[in-house]
Amino acid sequence: MTFISNLINGISLGSVYAIIALGYTMVYGIAKMLNFAHGDVIMVGAYISFCATTYLNLPPVVSVLLAMAVCTVLGVVIEGLAYKPLRKASSLAVLITAIGVSYFLQNVALLIWGSAPKTFSSIVPLDSIALFGGKLIITVESIVTVVACILIMILLTLFTKKTRMGKGMRAVSEDKDAAELMGINVNVSISVTFAIGSALAAIAGVLLCSAYPVLVPTTGSMPGIKAFTAAVFGGIGSIPGAMVGGILLGIIEIFSKSYISTALSDAIVFAVLIVVLLVKPTGILGKKIMEKV
Amino acid sequence: MKKTRKLNKFTLTNIKAYGIVILAFIILYPMQSAGLISNSISGQLVPICTYIVMAISLNLTVGFLGELSLGHAGFMSVGAFTGVITAICLQNAVPAPALRLLIAIIAGGIFAGIAGLVIGIPVLRLRGDYLAIVTLAFGEIIKNIINCLYVGVDASGLHISMTNADALGMVNGQLILNGPQGAVGITKMASLTAGVILILFTLFVVLNFVNSKTGRAVTAIRDNRIAAESVGIGVTRYKLTAFIISAALAGMAGALYAMNFSTIAAKKFDFNTSILILVFVVLGGMGNIVGSIIATALLYMLPELLRGVADYRMLVYAIVLIAVMLATNSEKAKQLWERTSFKLKNNKEKERGEG
Chain L
0 MTFISNLING ISLGSVYAII ALGYTMVYGI AKMLNFAHGD VIMVGAYISF CATTYLNLPP
60 VVSVLLAMAV CTVLGVVIEG LAYKPLRKAS SLAVLITAIG VSYFLQNVAL LIWGSAPKTF
120 SSIVPLDSIA LFGGKLIITV ESIVTVVACI LIMILLTLFT KKTRMGKGMR AVSEDKDAAE
180 LMGINVNVSI SVTFAIGSAL AAIAGVLLCS AYPVLVPTTG SMPGIKAFTA AVFGGIGSIP
240 GAMVGGILLG IIEIFSKSYI STALSDAIVF AVLIVVLLVK PTGILGKKIM EKV
Chain A
0 MKKTRKLNKF TLTNIKAYGI VILAFIILYP MQSAGLISNS ISGQLVPICT YIVMAISLNL
60 TVGFLGELSL GHAGFMSVGA FTGVITAICL QNAVPAPALR LLIAIIAGGI FAGIAGLVIG
120 IPVLRLRGDY LAIVTLAFGE IIKNIINCLY VGVDASGLHI SMTNADALGM VNGQLILNGP
180 QGAVGITKMA SLTAGVILIL FTLFVVLNFV NSKTGRAVTA IRDNRIAAES VGIGVTRYKL
240 TAFIISAALA GMAGALYAMN FSTIAAKKFD FNTSILILVF VVLGGMGNIV GSIIATALLY
300 MLPELLRGVA DYRMLVYAIV LIAVMLATNS EKAKQLWERT SFKLKNNKEK ERGEG
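Line by line, the protein sequences give chains L and A. Numbered as in numbering that gives the first Met the number 0, the first sequence ends at 292 without a single skipped number. Numbered as in numbering that gives the first Met the number 0, the second sequence ends at 354 without a single skipped number.
None of these hints come from the bench; they were simulated from the model. Hints may contain errors.
Stated by the list, open to error - Chain L is nowhere near these chain A residues, computed Cβ spacing over 12 Å in every case:
hint	residue
1	Ile25
2	Val61
3	Gly231
4	Val315
5	Asn345
Unchecked claim - Straight-line C-alpha distance at most 25 Å; calculated PhoX-like pairs for lysine-lysine:
hint	chain 1	residue 1	chain 2	residue 2
6	A	Lys331	L	Lys83
7	A	Lys266	L	Lys117
8	A	Lys187	L	Lys175
9	A	Lys266	L	Lys175
10	L	Lys31	A	Lys333
Said to hold, decoys possible - Simulated coverage check for chain A against chain L, where a stretch passes if three residues somewhere in it have a Cβ under 8 Å from a Cβ of chain L:
hint	stretch
11	130 to 142
12	183 to 191
13	203 to 216
14	318 to 324
15	328 to 339
Beta carbons: idealized from backbone N, C-alpha and C, even for Gly.
Go ahead and model the full structure; you've got the sequences and the hints to work with.
Below, the structure written as structure tokens:
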């Protein structure tokens, strides 16, 4: 029974990673940049939802929608102000700017909400489900998380495969110049990618803090790094890859925590990542890049 | 003719790099001894020196080898804890603090170099962002393992355990590394002089390496790996050499850094520290050693200088960082620069024409 309960916890944590990883992977796919500020957008989303429920007494669903709206605007503004002028600059310059944005968001959060941790109340105030006479306990949060992850995955796949905008985004990620020649507005495509990624980050923030209810200005950074590894793990730039990578990473983390060592769990997660990358250098579902001389 | 000009450029960089460091030392040392520098800044002098060494060594990987490393603090960590353990073990055997510090720094460098070899062999097979993420992963792994490490010393030698301090089974021993609490009971031995000597040593190693045959091969690999391979440069070997040198220097810096505090924990050398050093390197200019030195000194002091705005200092730091990156890298800023320099050039030519 502990095995099954660990598995469920792993899938649930992995789903959160997967949702965050989707943001990383989409932005990487289309703008070829590592958006290090993504983890901090998660934190902002969680804080907004926290404020909406605690101070404004809004219902949880409304608070999530509000967080998504704020994060979407935030993502588009960040992209427009900080990343857009650097479209043609070296990737390292963009990376450092993203780090600057990350510092900026953390410190603004520190000024607004202070460094004292806030206790996040779960968005689904229901009791856990006990199965097999109390041997297996499944929290409602984990069910909501997994369902949300699957829904997001389906919607996102439909969006990129069926809609005009989604097809345009895929074209831009394939070849920016050719897409532009075909009449696709590259700038709008990139903005929309950031908007979607940031909205997903808000959802991930709320789900993450529902499961682990301590909220501080640096809440987003470690899950951010892990989700980023998950994106690389599954093959960065690939949407199903982010899903597979995230869930595998979550399962590995929970299993190593309960069977090997709590303190070493992060090291084990990263060690698995290294082994995977050495065997398959572009990740599990990544495309092989041909090199031209 | 061409050869002499190139030689001049090399000596010029050398003079600039060594000159800045020596000049800063000449100004700062008497000021520190006379007590003219406030305590808060005086305490920052050794960390600044170590971060300058870190920036120069990371510049070797990022600027000259052209590979993005996000785990440089990991090597610093290895060096720091090896250095501390060595220094405490030799407390009775080597009474002179200066010599003990030197041995500790060398030990830190050697162990970090070995870590660089072990990590470099798999890592350097990968490219670009994948290489970056694996260095990040190694940095986190190093931090995590040291967090679980318990080391103590007694009459019969070193005791190492991964479970807890009691499992060491020491008899009247001294606990050196106490898991997540880090190293305790360090004798502070670092000084500004030691820091400056380490910077000069680093400059000597890096500047000569870059201008050696191996160094030129490394820059050739950075500029075009396939072309370099096709003229018979063994890519892996040269990359590994540069990576190990970079790691060893970082380890030495780490050992010196640790000797500046009485306690130090592994969480000091996390991802954020790696990023901080990377910021120094990128803002100073990749492949520009003098730039690394100046950027590190300025940026490290910036939060200190912004104490007047207390709560807002890290915010200001973030804004400065973004603004500098936008000003130096964006399309519009570049066009603006070009236009102004073009105008200046035109004016000069006009003056010349009139004259």
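Now the hints, each set against the structure:
1. Ile25: The claim holds: Ile25 (chain A) sits with its nearest Cβ about 33 Å from chain L, beyond 12 Å.
2. Val61: Non-interface label fails for Val61 (chain A): nearest chain L Cβ at 8 Å, not farther than 12 Å.
3. Gly231: Holds, since 16 Å exceeds 12 Å.
4. Val315: Incorrect as stated: the minimum Cβ-Cβ distance to chain L is 9 Å, not above 12 Å.
5. Asn345: 26 Å, holds
6. A:Lys331 - L:Lys83: 11 Å, holds
7. A:Lys266 - L:Lys117: 23 Å, holds
8. A:Lys187 - L:Lys175: 56 Å, violated
9. A:Lys266 - L:Lys175: 41 Å, violated
10. L:Lys31 - A:Lys333: 21 Å, holds
11. 130 to 142: holds (count 8)
12. 183 to 191: violated (count 0)
13. 203 to 216: violated (count 0)
14. 318 to 324: holds (count 4)
15. 328 to 339: Since three or more residues must qualify, the claim that chain L covers the stretch 328 to 339 of chain A holds, with 5 doing so at under 8 Å.
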